[in-house]
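Visitor: If you want the building blocks of each chain, they are given just below.
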Amino acid sequence: MEQELSAIERAARDRALVARLVGGDEDALSELYDRYSSMLFALASRFVHRPQEAEDVVQEVLLQAWRQVERYDPERSSVATWLVMMTRSRAIDRIRNRNVVDRTLAAAQKEEKRTHESPEGGRNVLQQERAARLQSELALLPPEQRRVLELAFFSGMTQREIAAETEIPLGTVKTRTLLAMRKLRAALQDDLGDLL
Amino acid sequence: MERSDVFAWLREFDGSERDEIDDWGRLSPAERTQIERLDGEVFGLLAAALEPEEPSADLKQRIMAGARRPELAVLTPRPRAPRWLLPLAAGLTTLALGLALWMAGTVQSQRADLARLQRQVDELGLASATLETVRRDLAAAKQNLQLVGTLGVEVCPLRPTAAEGEDAPQGLLFLAADHQHWYLRTAGLEAQEGSWYRVWFITESGVVAAGNLNDGELDLGSPTMPADTRAVQVTLETEPQPANPSDATVLFGLGSEMIRLL
Numbered sequence: 000m001e002q003e004l005s006a007i008e009r010a011a012r013d014r015a016l017v018a019r020l021v022g023g024d025e026d027a028l029s030e031l032y033d034r035y036s037s038m039l040f041a042l043a044s045r046f047v048h049r050p051q052e053a054e055d056v057v058q059e060v061l062l063q064a065w066r067q068v069e070r071y072d073p074e075r076s077s078v079a080t081w082l083v084m085m086t087r088s089r090a091i092d093r094i095r096n097r098n099v100v101d102r103t104l105a106a107a108q109k110e111e112k113r114t115h116e117s118p119e120g121g122r123n124v125l126q127q128e129r130a131a132r133l134q135s136e137l138a139l140l141p142p143e144q145r146r147v148l149e150l151a152f153f154s155g156m157t158q159r160e161i162a163a164e165t166e167i168p169l170g171t172v173k174t175r176t177l178l179a180m181r182k183l184r185a186a187l188q189d190d191l192g193d194l195l
Numbered sequence: 000m001e002r003s004d005v006f007a008w009l010r011e012f013d014g015s016e017r018d019e020i021d022d023w024g025r026l027s028p029a030e031r032t033q034i035e036r037l038d039g040e041v042f043g044l045l046a047a048a049l050e051p052e053e054p055s056a057d058l059k060q061r062i063m064a065g066a067r068r069p070e071l072a073v074l075t076p077r078p079r080a081p082r083w084l085l086p087l088a089a090g091l092t093t094l095a096l097g098l099a100l101w102m103a104g105t106v107q108s109q110r111a112d113l114a115r116l117q118r119q120v121d122e123l124g125l126a127s128a129t130l131e132t133v134r135r136d137l138a139a140a141k142q143n144l145q146l147v148g149t150l151g152v153e154v155c156p157l158r159p160t161a162a163e164g165e166d167a168p169q170g171l172l173f174l175a176a177d178h179q180h181w182y183l184r185t186a187g188l189e190a191q192e193g194s195w196y197r198v199w200f201i202t203e204s205g206v207v208a209a210g211n212l213n214d215g216e217l218d219l220g221s222p223t224m225p226a227d228t229r230a231v232q233v234t235l236e237t238e239p240q241p242a243n244p245s246d247a248t249v250l251f252g253l254g255s256e257m258i259r260l261l
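Residue numbers (numbering that gives the first Met the number 0), protein chains in the order written: chain A, 0 to 195; chain B, 0 to 261.
Hint data in this document are derived by calculation from the structure and do not stem from the laboratory.
Worth double-checking, as some hints may not be accurate.
Calculated lysine to aspartate or glutamate pairs in the EDC-like style (CA-CA distance at most 16 Å, straight line) [unchecked claim]: (1) B:Lys59 x A:Glu136; (2) B:Lys59 x A:Glu52; (3) A:Lys182 x B:Asp22; (4) B:Lys59 x A:Glu30; (5) A:Lys182 x A:Glu136; (6) A:Lys182 x B:Glu35; (7) B:Lys59 x A:Glu59; (8) B:Lys59 x A:Asp55; (9) B:Lys59 x A:Asp33; (10) A:Lys182 x A:Glu143; (11) B:Lys59 x A:Glu149; (12) A:Lys182 x A:Glu160.
Here the structure is a predicted model, which is why all the values come from computation and not from measurement.
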């Protein structure tokens, strides 16, 4: 019952899960899937725009987590961020490896209505609550700050690339990004606290 | 930069930029580390701003199977989206042409086998035991030939895991319309002393031995195929009947590449 656990319990459970993965416990992988697959799938879909390819990304990431769990460093990030950054990285790699035809098709598909609706969309209350909270915090950011942050995260652009894309001086891009990060950091203290 | 490393992203900001926003110069190293860590988490949390979406129901099954058997991790058989039809059709046409040529050779070879066996049966003076063996071989050959030519038969190409070339081994798995009766025909597998070519079906629940290609025999068949078979492989084993395959895979075919020829 995910929603009944406190933040501290959830963080502790993540760490325990990693310890079990190190020990080769398949049930731990199953739990990791239950806990994060919907978030990772949504993230991968945001990048690749193809449900089947997004599933491939999630599969790669969770199997990498299973096989290379010893690479996880709790001093550097939470389990969630580790998985998110791997998913983002795999998804960006896929986009960059597509040939010209695939890129054209993907661009055309961006406007298509998503048909891969979840049969259990309301199952994970915690994730929905967190999504709503983050969305509201992002909505509170000035548009120019939100834009640079979204470009950095969802397009995989460097600060320099964002500056070129938006035709804004690099220094301004960095300032906007840092301001946005500081605001989110302050607004999401409770969420962050349980991840560390 | 390595995009999976959130700290690499944070390193795009230097101290002076940080000074403007976070009063960086007045922070202790521990405080800086803590802020960097928090920023990393904020960056990672952006994924949680997306509405969660459930992947298809069988993804978990595929991942768990992939954890148990790494070769299953690449098996994600599913229908392609319409946009793939044209390039897929072109690929399949090429494959079908190759398979049709290969199948023609297989049928011709089997007909020759049948004729040889029939001649042996027709010869008087065969010992009864020998005659019984020949009759069994004849019945099996006829059955296999019938399967190869049956309407609705599907074919899965088995490709060599080592370098490809004219002399590289290859195989074709014929599967009857009932999805049970199968027949495997191989070529280019050289008999080796003290080694056995063993056929395996890779299923959702594990690997199932299907038999050996013994004594120079290049084909194998059976009226049953394990449920949820995803792939077939041929390995070169140093024991005649190992319970599990070694790493020495010589041929491999995916169920998702199966095509209907007739």
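Visitor: Against this structure, judge whether each hint is valid.
Guide: Here is what the structure says about each hint:
1. B:Lys59 x A:Glu136: violated (32 Å)
2. B:Lys59 x A:Glu52: Cα-Cα ~15 Å, so holds.
3. A:Lys182 x B:Asp22: Between A:Lys182 and B:Asp22 the Cα gap is close to 15 Å, so the pair holds against 16 Å.
4. B:Lys59 x A:Glu30: Holds. B:Lys59 to A:Glu30 sits at ~10 Å (cutoff 16 Å).
5. A:Lys182 x A:Glu136: holds (9 Å)
6. A:Lys182 x B:Glu35: Roughly 14 Å between the alpha carbons, so the hint for A:Lys182 and B:Glu35 holds.
7. B:Lys59 x A:Glu59: Between B:Lys59 and A:Glu59 the Cα gap is close to 12 Å, so the pair holds against 16 Å.
8. B:Lys59 x A:Asp55: Status holds; Cα separation ~11 Å.
9. B:Lys59 x A:Asp33: Holds, at roughly 9 Å.
10. A:Lys182 x A:Glu143: Distance ~14 Å between A:Lys182 and A:Glu143 Cα, so the pair holds.
11. B:Lys59 x A:Glu149: violated (29 Å)
12. A:Lys182 x A:Glu160: Roughly 23 Å separates the two Cα atoms, so the pair is violated.
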